[in-house]
Amino acid sequence: MQATHRDEAVRLSLPASRDYVRVVRLTASAIATNLDFDVDELDDLRVGIGELANVALEASRPGATLEIVFTVAGSELHIEGTVPAEAGRVVELDVLTRQILEGVVDDYSIEIVDGTVHFSCTRRPW
Amino acid sequence: MTLTGANVNEQEVGPDRILSVATEHAGDQVLLSVSGELDMSSAPRLGSAVAKATALDPLRRVVLDLSGTEFIDSSGLRAMLSAREQFESLGCEFTLRAPSPAVTRLLEITALSHHFVIDA
Numbered sequence: 001m002q003a004t005h006r007d008e009a010v011r012l013s014l015p016a017s018r019d020y021v022r023v024v025r026l027t028a029s030a031i032a033t034n035l036d037f038d039v040d041e042l043d044d045l046r047v048g049i050g051e052l053a054n055v056a057l058e059a060s061r062p063g064a065t066l067e068i069v070f071t072v073a074g075s076e077l078h079i080e081g082t083v084p085a086e087a088g089r090v091v092e093l094d095v096l097t098r099q100i101l102e103g104v105v106d107d108y109s110i111e112i113v114d115g116t117v118h119f120s121c122t123r124r125p126w
Numbered sequence: 001m002t003l004t005g006a007n008v009n010e011q012e013v014g015p016d017r018i019l020s021v022a023t024e025h026a027g028d029q030v031l032l033s034v035s036g037e038l039d040m041s042s043a044p045r046l047g048s049a050v051a052k053a054t055a056l057d058p059l060r061r062v063v064l065d066l067s068g069t070e071f072i073d074s075s076g077l078r079a080m081l082s083a084r085e086q087f088e089s090l091g092c093e094f095t096l097r098a099p100s101p102a103v104t105r106l107l108e109i110t111a112l113s114h115h116f117v118i119d120a
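Residue numbers (the numbering used here), protein chains in the order written: chain V, 1 to 126; chain F, 1 to 120.
So here's chain F without its partners, still in its complex pose (with noise of 0.2 Å):
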């Protein structure tokens, strides 16, 4: 998914720059790209970038790109089925980008992987 037009408009970073998540809004599609370490203590970032996400209107799709997602935890995982759960509860679209190998391989571990759309 390519946003034109589109704004960075929030990154939530933690004071340890563990994990960031940037929020690119355009229009009724919103971008959320991880990157870091998601785990036990960094989650909540993820968690309060999607609540903000879903605040806003309209929303028709939301791609989460994990390209840069370095370690997941089932923390992480957790996070991610959250934010499935609230968009599509919206009636977003919800789409995993280009999951990172750490990512690709507890998916498969959890056979999760067909609870996602996944854009590789």
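This is chain V alone, in the form it adopts within the complex (with noise of 0.2 Å):
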């Protein structure tokens, strides 16, 4: 993990394993606890971040590396992430997947181009 003062990102690069999405989670937190979110709002990007990279994951070629980048705009906070796609395979939202998204993080996005799973979330505290 290298971090870059000077265009507030922190980019993490880890296999593709179910295992290390508290990684993710860790370090979401880790620099949200930096900006304006109080403790409700550092559990609701926990779970938004983990969320989106649990679906990830399950649409993602065996052994690949998940990159994911966490940007600092003012007090808010915007991941990005991408990894290798499996092939045939396709990004589905379940009903709860969704609702639990939706009601944790401003906006969020995932799918699968060129053979890549891309997400993202941003959030805002209230």
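If you are wondering where the hints come from, they were derived from the structure by calculation, not from laboratory data. For each residue, glycine too, the CB sits at the ideal point set by N, CA and C. Be aware that one or more of the hints could be misleading.
To be verified - Not the full set, but computed from the structure, chain F residues with beta-carbon under 7 Å of chain V:
(1) M40
(2) S41
(3) D73
(4) S74
(5) I109
(6) T110
Claimed, not checked - Counterexamples of contact, computed for chain F against chain V with all Cβ distances above 12 Å:
(7) A22
(8) G27
(9) S48
(10) S67
(11) G91
(12) H114
Using the supplied hints, reconstruct the complex from the two chains, each of which is provided in its own coordinate frame.
Shown next, in the form of structure tokens:
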């Protein structure tokens, strides 16, 4: 993990494994702690990025690497991730996951483009 | 629910110790206590504990203590829903006890609170 203070971006590269989603959540929480997020907002952020990472990993190619960039813009945290997709996979958000995402982050997206899963979310303090 | 004369029969703990599920069984009642982070990686451990509990006979009442659940996501919720379905199909009472703020938050967002009997 490397941080470039000039553009306030933190980049994370890790194995595309469900065992590492916790690292993604912890990193998001650690970065957001420096913003004006209260405890509940931090919890929401962890849930939101965790859900997106879970869906991305379900569609990922075995042995792939998950790349995530956390970008701070003012008081807003924007997270973008990519991971190579397994051939023929599609990204599907079930009702439960969609409900959760809509309740915990301000906006989100996830799709497969040219064989790569792309996902993102943004969270602003209330 | 207080189990008198209960033994902590089993505890499911992953190698990373992120989640533990302790099972206490006394008579026809079972207490499952979940501590830690219930996510996609650890939810199978709850599933395993539930599967073992469903094999107990007699089984009349099951309580899922969530006071120590520090984190939960949709995988954890699905594991809870599955547990409820399995136990109720056996004619057992299934109750959530003391859900943590994280669990309460997710139940509220998904409007799933009414799917469970909750003992705060």
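Evaluation of the provided hints:
Residue-level restraint check for M40/F holds (minimum Cβ-Cβ distance to chain V is 5 Å; threshold 7 Å). A cut of 7 Å between beta carbons decides the hint on S41/F: the least distance to chain V is about 4 Å, and the hint holds. With a least beta-carbon distance of about 5 Å to chain V, the hint placing D73/F at the interface is held under the 7 Å criterion. Taking 7 Å as the C-beta contact cut-off toward chain V, the hint placing S74/F at the interface holds, the least distance being around 5 Å.
At its closest, the beta carbon of I109/F sits 4 Å from a beta carbon of chain V; the interface hint therefore holds under the 7 Å criterion. Evaluation of the T110/F hint against chain V yields a held restraint, the C-beta minimum of about 5 Å falling below 7 Å. Distance to chain V confirms A22/F as a non-interface residue, since its nearest Cβ pair spans about 21 Å, more than 12 Å. No beta-carbon of chain V comes within 12 Å of the beta-carbon of G27/F; the shortest separation is about 35 Å.
Listed as outside the interface, S48/F is consistent with that label: its C-beta sits roughly 16 Å from the nearest C-beta of chain V, beyond the 12 Å cut-off. At roughly 16 Å from the closest C-beta of chain V, the C-beta of S67/F stays outside 12 Å, upholding its exclusion from the interface. Every beta carbon of chain V lies more than 12 Å from that of G91/F, the smallest distance being close to 26 Å; the non-interface claim holds. H114/F, annotated as away from the interface, keeps every beta carbon of chain V farther than 12 Å; the closest lies near 14 Å.
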